[in-house]
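Student: For this one, chain A is given, so just place chain B on it according to the hints.
What follows is each chain in one-letter form.
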Amino acid sequence: MNSSVENNISEKKDFVVSSSSLKDVRSFSREVFSKVNLNQDLKDELVLAIAEAAQNIVKHAYQNQETDDKMEIKISLDNGELEIGFFDKGRPVDNSNVRHRKIDDVKPGGLGTFFIKQIMDAVVFKEGEKPWINHLILTKKINY
Amino acid sequence: MSYKITEENNISIVHLDGEIDMDVTEKAKEVIMPLIEAKKEVHLNLKDVQYMDSSGISVLIESHQKATELGTKVVLKDISKSVLKVIMMAKLEQILNLG
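From first to last, the protein sequence lines are chains A and B.
So in the numbering used here, spot 36 of the first sequence is number 36, and the numbers just go up one at a time.
So in the numbering used here, spot 63 of the second sequence is number 63, and the numbers just go up one at a time.
With the rest of the complex left out, here is chain A (with noise of 0.2 Å):
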């Protein structure tokens, strides 16, 4: 096996919550995940995964408006088990809100949450601890 390549990471690097911000947060996984032993697919996947959830809070938690505000991105992969985390300090998110369109109802909008939950095995929000507000933890079964 090649030595550059682990199996096991994390990793974590925060953002400002602004839309300017989103080909930081690609190139951050892109990055993270050119160090992991994965298909190229699955990690474009995985990399749109997270650029839709902080596209998420920029929209949501934060509404659009601008903000010094920074979000932290998490991601760990342990045997084979990854996880993702979000931060942020936005508006708190009121889980029962949170649906994506129905596929068949074509109309801008939504899409995002569909993608993710595409992608990902489970999508879960919690409380934040201090100093956060909001956490949401996207997780996947990686099969190697």
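To be clear, the hints were calculated from the coordinates, so they are not data collected in a lab.
Treat the numbers as computed from the prediction; the structure is a model and nothing was measured.
Here a beta-carbon is modelled for each residue, glycine too, at the ideal position from N, C-alpha and C.
Please note that a few of the clues may not be correct.
When the alpha-carbon atoms are kept at most 30 Å apart in a straight line, the in silico DSBU-like pairs for lysine-lysine are as follows [unchecked claim]:
1. A:K35 - B:K29
2. B:K40 - A:K117
3. B:K85 - A:K141
4. A:K74 - A:K43
So these bits of chain A aren't anywhere near chain B, every CB distance computed over 10 Å [said to hold, decoys possible]:
5. N7
6. I9
7. S20
8. L48
9. A51
10. G80
11. G112
12. Q118
Tutor: Using the frame of chain A, we list chain B on its own:
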């Protein structure tokens, strides 16, 4: 994201390049919508779009719906593998015009 518009046989061809996310959707709409509003047939060349998220897909849906409403059409051309994958994930391959 960058773009180039060319005209061929009364069809406006918009070549998009780069990554299309929430940060650039307004710019993409500013490029595409006036062409549709002028009732032109619009071809979006997506060969050089390496990444598109749900916001980019929303632009494709809005463009398609606006064009249909105005009696013209938007056709997606030379779709890159990564964009096609997202279109299929959204189950839009039967709804959008893929040329």
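Student: Which numbered conditions among the earlier hints are violated in the structure presented, ordered from lowest to highest?
Tutor: Violated hints (numbers, rising): 1, 2, 7, 8, 9, 11, 12; every other hint is consistent with the structure.
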